[in-house]
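Let's have the full structure, built from the sequences with the hints guiding it.
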Amino acid sequence: NSKSDTRINRLLTTTDIYIMPSMNPDGFEKAVEGSCDKYGESGRENSHTVDLNRDFPSPYKPLNSMANGKIGDLFYGRQEETIAVMKWILKENFVLSGNLHGGSVVASYPYDETIHNTSSSYGRSPDDSLFRFLAHTYSNKHLTMSKSLDCGAEFLDGITNGAAWYDVSGGMQDFNYLHSNAFEITFELSCCKYPLAKDGTLTKEWDNNREALLTYMEMVHNFQDILFRI
1 NSKSDTRINR LLTTTDIYIM PSMNPDGFEK AVEGSCDKYG ESGRENSHTV DLNRDFPSPY
61 KPLNSMANGK IGDLFYGRQE ETIAVMKWIL KENFVLSGNL HGGSVVASYP YDETIHNTSS
121 SYGRSPDDSL FRFLAHTYSN KHLTMSKSLD CGAEFLDGIT NGAAWYDVSG GMQDFNYLHS
181 NAFEITFELS CCKYPLAKDG TLTKEWDNNR EALLTYMEMV HNFQDILFRI
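In terms of the UniProt record's numbering, the sequence shown opens at residue 1 and continues consecutively.
Hints were generated in silico from the structure; no laboratory data involved.
Predicted, not measured: the structure shown is a model, and the values here were computed from it.
Heads up, the beta-carbon is just placed ideally off N, CA and C, and yes, glycines get one too.
A couple of the hints might just be wrong.
Derived DSSO-like pairs: lysine-lysine, alpha-carbon spacing no greater than 30 Å straight-line [unchecked claim]:
1) Lys141 / Lys204
2) Lys147 / Lys198
3) Lys30 / Lys70
4) Lys61 / Lys204
Pairwise CB distance ranges (calculated) [to be verified]:
5) Gly69 / Thr215: 47 to 55 Å
6) Leu90 / Ile17: 27 to 35 Å
7) Cys36 / Leu156: 37 to 45 Å
8) Gly69 / Gly200: 55 to 63 Å
9) Asn181 / Phe75: 18 to 26 Å
10) His179 / Ser22: 34 to 42 Å
11) Glu92 / Thr13: 43 to 51 Å
12) Tyr76 / Thr49: 15 to 23 Å
13) Lys147 / Lys87: 23 to 31 Å
14) Lys147 / Thr203: 18 to 26 Å
15) Pro25 / Gly77: 17 to 25 Å
Here's what the structure looks like:
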């Protein structure tokens, strides 16, 4: 009840909050609840067998060509879901964004892609210090992320640069930053891509992430102060 929770009420009355439940509803329907395959092969792609988080424009690859050989616009040749999200991002002028994933437990920040297109190459953005601060804040407020105890992977303080982890070409995180100036962090929240809902897992994950999510959303009001301190 937001009216009985001063913090929640303040957040709702002072912040424009947008929630996209799923970018890939087709994949969500195909996915198997309880699947702990960290690669999420079941449900990873849409109905056209396209991984939507590889379908955004890349700064290092040319735009799609049309049948007549001319280069298309930013949207040409992309999936309908991708186009809808791109237009949404460009229209709303978001400031801060969180992209919720599964398969690991870590806060990953831009860039996801480098010109080398190989893993382990650090993708340093002009706002690297701010991105690291945002990622650290989420990780430290999360109940387990900063301890790097989950999924068998070790991330110092529970954060990683996206490209240093593995290179992603055409991801939404980089598109947000490069085309709209929105600061987006990818939050990998569970070793399981699609954990069971009825065994208490969802309650546990809510407890793990509640404070981190609230603090992250509240930070949108402190950007000027954060920039001066950094």
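Practice task
If any of the earlier hints don't hold here, list their numbers in rising order.
Solution key: 3, 4, 6, 7, 10, 11, 13
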